[in-house]
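Chains as they are written, first to last, in the numbering used here: chain A, 1 to 228; chain B, 1 to 214; chain C, 1 to 54.
No lab work stands behind these hints, which were simulated from the structure alone.
Think of the CB as a built atom: it goes at the ideal place given N, C-alpha and C, for glycine as much as any other residue.
Treat the hints with care, since some could be wrong.
Taking beta-carbon pairs under 10 angstroms as the criterion, some of the chain C residues facing chain A (in silico) [said to hold, decoys possible]:
1. Gln4
2. Trp8
3. Phe11
4. Phe12
5. Tyr14
6. Leu21
7. Val25
8. Gly26
9. His29
10. Ser30
11. Ser33
12. Val39
13. Leu42
14. Ala45
15. Ser47
16. Glu49
Take a look at the letters that make up each chain.
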Amino acid sequence: MRYSQTLSNLRWILFAVFVVALLWSFVVSPDDAILKSSQRIFYIHFGSAIACFIAFAIGWAAAIAYLVKRNLGWDRLSAAGAEVGLVFATCVLVSGSIWARVAWNTWWTWDPRLVTTAVLWFLYVAYFVLRAFFAEDRRRQAVAGALFSLFAFLDVPVVFFSVNWWTSIHPKVITESGINISSPAMVTAMMLFLVAMILLAADLMWLRWRQHTLADRLEAARAELRSY
Amino acid sequence: MLLGKDLAVEFRSRETLSSVLVLAVLVVLVLGFAAPSGVSAEAAGGLLWVALLFPALQIQTRLWASEADQGMLDALMGAPVGPAVLWLSKFLLSVVLTAVLALVLTPLFLVIIGETVRGPLGIFLAGMALGVIGLGAVGATLSLLTARMRLREALMPLMALPLSVPLFLGAVVITSGSLSGTPHQVGLWLLLMGVFDVMYIALPLLVADILMEV
Amino acid sequence: MSEQIALWFLFFAYTAVFVILFLVVGRLHSRASRLEKEVEHLEAAVSEEEKKKA
Chain A
1 MRYSQTLSNL RWILFAVFVV ALLWSFVVSP DDAILKSSQR IFYIHFGSAI
51 ACFIAFAIGW AAAIAYLVKR NLGWDRLSAA GAEVGLVFAT CVLVSGSIWA
101 RVAWNTWWTW DPRLVTTAVL WFLYVAYFVL RAFFAEDRRR QAVAGALFSL
151 FAFLDVPVVF FSVNWWTSIH PKVITESGIN ISSPAMVTAM MLFLVAMILL
201 AADLMWLRWR QHTLADRLEA ARAELRSY
Chain B
1 MLLGKDLAVE FRSRETLSSV LVLAVLVVLV LGFAAPSGVS AEAAGGLLWV
51 ALLFPALQIQ TRLWASEADQ GMLDALMGAP VGPAVLWLSK FLLSVVLTAV
101 LALVLTPLFL VIIGETVRGP LGIFLAGMAL GVIGLGAVGA TLSLLTARMR
151 LREALMPLMA LPLSVPLFLG AVVITSGSLS GTPHQVGLWL LLMGVFDVMY
201 IALPLLVADI LMEV
Chain C
1 MSEQIALWFL FFAYTAVFVI LFLVVGRLHS RASRLEKEVE HLEAAVSEEE
51 KKKA
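One chain only, chain A, in its complex shape (with noise of 0.2 angstroms):
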């Protein structure tokens, strides 16, 4: 990848993003009105949610550009955007349970919103047991990894419109009427931290995605080496 210089100074901008993400969602943006300053936490659950989401649909779409066209180069895309998703799932879950502990006076509670996101936490976490049940097969690992990663995804527009098909007392903040948020402050702070996660997100899903090249190289070469 010829092109790391130009993409690492890219590094550089998204950092400034997050510190003017940060500036705005603890200096600018206004205390809510009922849970005053904790709200606060929320920019974070958001971007990292929508993150989650986005790893893991390109990890779905890869999953399936990897059963059509059979390029393992596939494979270790949906491998990255799965692992990217975990990682901000994790982040949604604490997140949103700290939050919980604050607003609800609970860390955990059976709300549909909660149990679909944990579900799909506990899917991926097997996606990855079983990818590592088919270590020493390459081909396998990766057919059988798309192949579950294409149900698992199924889980994601559960897990968002759960809000809307059952009664849930988790906040509803995206409506068909729009964004159901007071303070146009609060709603660039949401933004700012959710383009943050974003490019995060695709950072980090390159970074994974070459390292795993990286590691099929390596066994590649390895293999040929073993067979002199």
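Starting from the known structure of chain A, arrange chains B and C on it as the hints suggest.
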């Protein structure tokens, strides 16, 4: 011709069914001991599905086991019928076996826990039917995916349970509602379970050949 | 007023965390670039071997 093959496979699997049924009865008995003074109708719905789930997983894990153990999976790939049809026959087998399990287990459970279906029977049966079909579909797919693996009994439930959660949620809500007599949001849940079932039948049929090659 | 100060403190704390995160990710990316060059060398050496054998 498909059905004939399916039934033949069924008769062969009398061993699967009998051991699973014994397990199921034991689970219900244990539940009876765990809640000697009965449980609320709401809880009973959930407990019924828990009692059904683990024996059902046993059935699913073993669906392709005899083919895989005898190394027949590769041979079957070249069979004239095509993998989609093979999956379909296993799916039907799974549904039939799970339905038998449910038919035996549900009355037994209701008697031991001491509940009756107070709500509309049709809704109760619809919930059970959609749940059984869904479990059958997920099981047929995942057991095919893990058929050639050494530790398939361990891994398959790990994957099947999270995937089945939307189905499970629906089944529990509808069953609890029917048992307590106040079913809520029935249309929505039945629709969700129906969509789940359709997707988990359509998708595997589409990718059946890839499933078999894993 | 002290809440304002607390928020500024949190802002700087989180910024520090992100600085560390970015440095780590940046370092991992440079390491990946270096490894890519090494792997290229290795692959060239392997294909040399192949040519010698053939």
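Structure-based check of all given hints:
| no. | hint | in the structure |
| --- | --- | --- |
| 1 | Gln4 | holds, 8 angstroms |
| 2 | Trp8 | holds, 6 angstroms |
| 3 | Phe11 | holds, 4 angstroms |
| 4 | Phe12 | holds, 9 angstroms |
| 5 | Tyr14 | holds, 5 angstroms |
| 6 | Leu21 | holds, 8 angstroms |
| 7 | Val25 | holds, 7 angstroms |
| 8 | Gly26 | holds, 6 angstroms |
| 9 | His29 | holds, 6 angstroms |
| 10 | Ser30 | holds, 8 angstroms |
| 11 | Ser33 | holds, 5 angstroms |
| 12 | Val39 | holds, 5 angstroms |
| 13 | Leu42 | holds, 5 angstroms |
| 14 | Ala45 | holds, 8 angstroms |
| 15 | Ser47 | holds, 8 angstroms |
| 16 | Glu49 | holds, 6 angstroms |
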